[in-house]
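K.L.:
Heads up: the sequence lines are chains A and B, in that order.
Take the first sequence: its letter number 40 is residue 40 in my numbering, and every next letter is one higher.
Take the second sequence: its letter number 81 is residue 81 in my numbering, and every next letter is one higher.
Because the hints were derived from the structure by calculation, they are not lab data.
Incorrect hints may have been included.
Claimed, not checked - Partial pick of chain A residues on the chain B-facing surface, computed with a CB cut under 8 Å: (1) D26; (2) H29; (3) L97; (4) P104.
Cβ atoms here follow ideal geometry from the backbone N, Cα and C, with glycine treated the same way.
Here is what each chain is made of, one letter per residue.
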Amino acid sequence: DVKVTQSSRYLVKRTGEKVFLECVQDMDHENMFWYRQDPGLGLRLIYFSYDVKMKEKGDIPEGYSVSREKKERFSLILESASTNQTSMYLCASSSGLDEQYFGPGTRLTVT
Amino acid sequence: QKEVEQNSGPLSVPEGAIASLNCTYSDRGSQSFFWYRQYSGKSPELIMSIYSNGDKEDGRFTAQLNKASQYVSLLIRDSQPSDSATYLCAVRTSYDKVIFGPGTSLSVIP
């Protein structure tokens with residue numbers, strides 16, 4: 001079974017803090033994704049990576065950056081957290097461009 | 001026009017009935033189609049993939065694809081209360097991007 005893990009299930013941060021969300025997958029997938037999910041807005045792609053050190057912007061990259069130094073690990077960074085970044089953050093991985101497997105999610109609250 | 005559309009619901013069906021979830025997409029060249037189930041507070045879980053026209057069955061689930069009508073559906077037979085969740089349709093487009101629909105909330109009433 002594919003396993004995707006995320007570093008925290010719940011996180012509370014203050015406005016202006018730098019926030020790191022970590023994602024690790026154990027299936028040697030080349031593609032990894034970061035989404036946020038908000039009520040009424042669905043899943044929105046923030047960034048994805050198709051190889052180590054490679055990244056592509058998704059639909060809403062503003063205020064976020066990513067890092068992929070190793071194939072199994074994909075990090076999402078909020079440079080200066082703001083209240084409008086309060087959301088559920090979901091990491092996913094895939095081999096190829098089809099089925100994506102999601103981690104458990106991190107519910108981030110920025111106060 | 002949104003790229004992937006679903007009725008938001010909620011769709012309510014009695015236990016034991018067939019639940020029918022529908023999804024339409026705008027990119028005629030889309031290649032691959034997926035259904036995910038998401039329980040409240042949890043992450044999406046892949047339940048079905050379909051790539052060619054027609055039906056694909058897996059247990060109580062049947063995915064139906066009609067590329068000419070740009071329509072994909074998910075039927076759940078003998079619905080159970082444990083099927084109550086939000087179902088997300090996802091489409092891999094001709095430009096190799098996977099687009100998720102907004103999801104349909106299903107409630108199975110005992």
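K.L.:
Could you run down the list of hints and mark each one as holding or not?
P.N.:
Comparing the hints with the structure gives:
1. Of the supplied interface hints, the one on A:D26 is violated, with its beta-carbon coming no nearer than about 16 Å to a beta-carbon of chain B, more than 8 Å.
2. Below 8 Å, beta-carbon pairs count as interface contacts, and A:H29 has none with chain B, the closest being about 13 Å; its hint is therefore violated.
3. Interface restraint check for A:L97: the shortest CB-CB distance to chain B comes to about 5 Å, inside 8 Å, so the restraint holds.
4. Satisfaction of the interface hint for A:P104 is found here, the shortest Cβ-Cβ separation to chain B being roughly 5 Å, below the 8 Å cut-off.
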